[in-house]
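Based on the provided sequences and hints, a complete structural model is requested.
Here our numbering = 1-based position in the sequence shown + 25.
Simulated from the structure, these hints should not be mistaken for lab results. Here the structure is a predicted model, which means the values were calculated and not measured. Note that CB positions come from ideal geometry on N, CA and C, so glycine has one too. There may be inaccurate statements among the hints.
What the hints assert, rightly or not - Result set (DSS-like, lysine-lysine): computed pairs, CA atoms no more than 27 Å apart in a straight line:
{"id": "1", "residue 1": "Lys-130", "residue 2": "Lys-71"}
{"id": "2", "residue 1": "Lys-52", "residue 2": "Lys-71"}
{"id": "3", "residue 1": "Lys-158", "residue 2": "Lys-92"}
{"id": "4", "residue 1": "Lys-152", "residue 2": "Lys-71"}
{"id": "5", "residue 1": "Lys-163", "residue 2": "Lys-146"}
{"id": "6", "residue 1": "Lys-152", "residue 2": "Lys-52"}
As the list claims (entries may be wrong) - Label-pair distances were calculated between CB atoms; the ranges are:
{"id": "7", "residue 1": "Lys-146", "residue 2": "Ser-126", "range": "11 to 21 Å"}
{"id": "8", "residue 1": "Tyr-69", "residue 2": "Gly-151", "range": "29 to 39 Å"}
{"id": "9", "residue 1": "Arg-111", "residue 2": "Ile-134", "range": "15 to 25 Å"}
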Amino acid sequence: MKRTILSVIFTIGVLSVFSQTESKPFKAYLVNDDYEVYLRINFYDKNIKIPGQELYGELPGYLGRKKHSFCWVMVDAEVESDEKARMTLINDFGSEDLEASLTRKNDSIYIFKQEKGSTVKIPKNGKWQKLPKTLQFKRK
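Pasting the structure below:
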């Protein structure tokens, strides 16, 4: 009997976590393994802090590179619908900026598209690598 009650409570807890994720599609951790980059975003509360760079304060999110402190900072983000959001990013030096969109293709796939401004470049092996204008990210 105790096992059944615990199973029901656990199931309700798991379902509540999944329902919260679905209701806020632009609060997520998204990764692109091909280029070793990720997006950590919360376009609703705009309360993301960049580890080691708390000087920026709370933000809508950032684009970072795995195993590296370099990032593109999201200074503004606006959710247009449950499927699309727009954002403005600057590099962490403040020397380049761009406008981009993030489109939710399904529950786990997002498309990041650079629209206006600079091209996103990330450090790789001591050089700058340009990222494609369109990148696919997966929810983790």
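Evaluated hints:
Taking the CA atoms of Lys-130 and Lys-71, the gap is about 22 Å. The hint holds against a cut of 27 Å. Among the hinted pairs, Lys-52 with Lys-71 is consistent with the structure: their alpha-carbon atoms are about 9 Å apart, no more than 27 Å. Among the hinted pairs, Lys-158 with Lys-92 is consistent with the structure: their alpha-carbon atoms are about 22 Å apart, no more than 27 Å. Taking the CA atoms of Lys-152 and Lys-71, the gap is near 31 Å; set against the 27 Å cutoff, the hint is violated.
A hinted pair counts as satisfied when its Cα atoms are at most 27 Å apart, and Lys-163 with Lys-146 qualifies at roughly 20 Å. Straight-line distance between C-alpha atoms of Lys-152 and Lys-52 comes to about 31 Å, which puts the hinted pair past the 27 Å bound. For Lys-146 and Ser-126, the Cβ-Cβ distance of about 19 Å falls inside the hinted range of 11 to 21 Å, so the restraint holds. One distance hint, 29 to 39 Å for the beta-carbon pair Tyr-69 and Gly-151, holds here, with the actual separation near 38 Å.
For the pair Arg-111 and Ile-134, the beta carbons lie near 18 Å from each other, so the given range of 15 to 25 Å is met.
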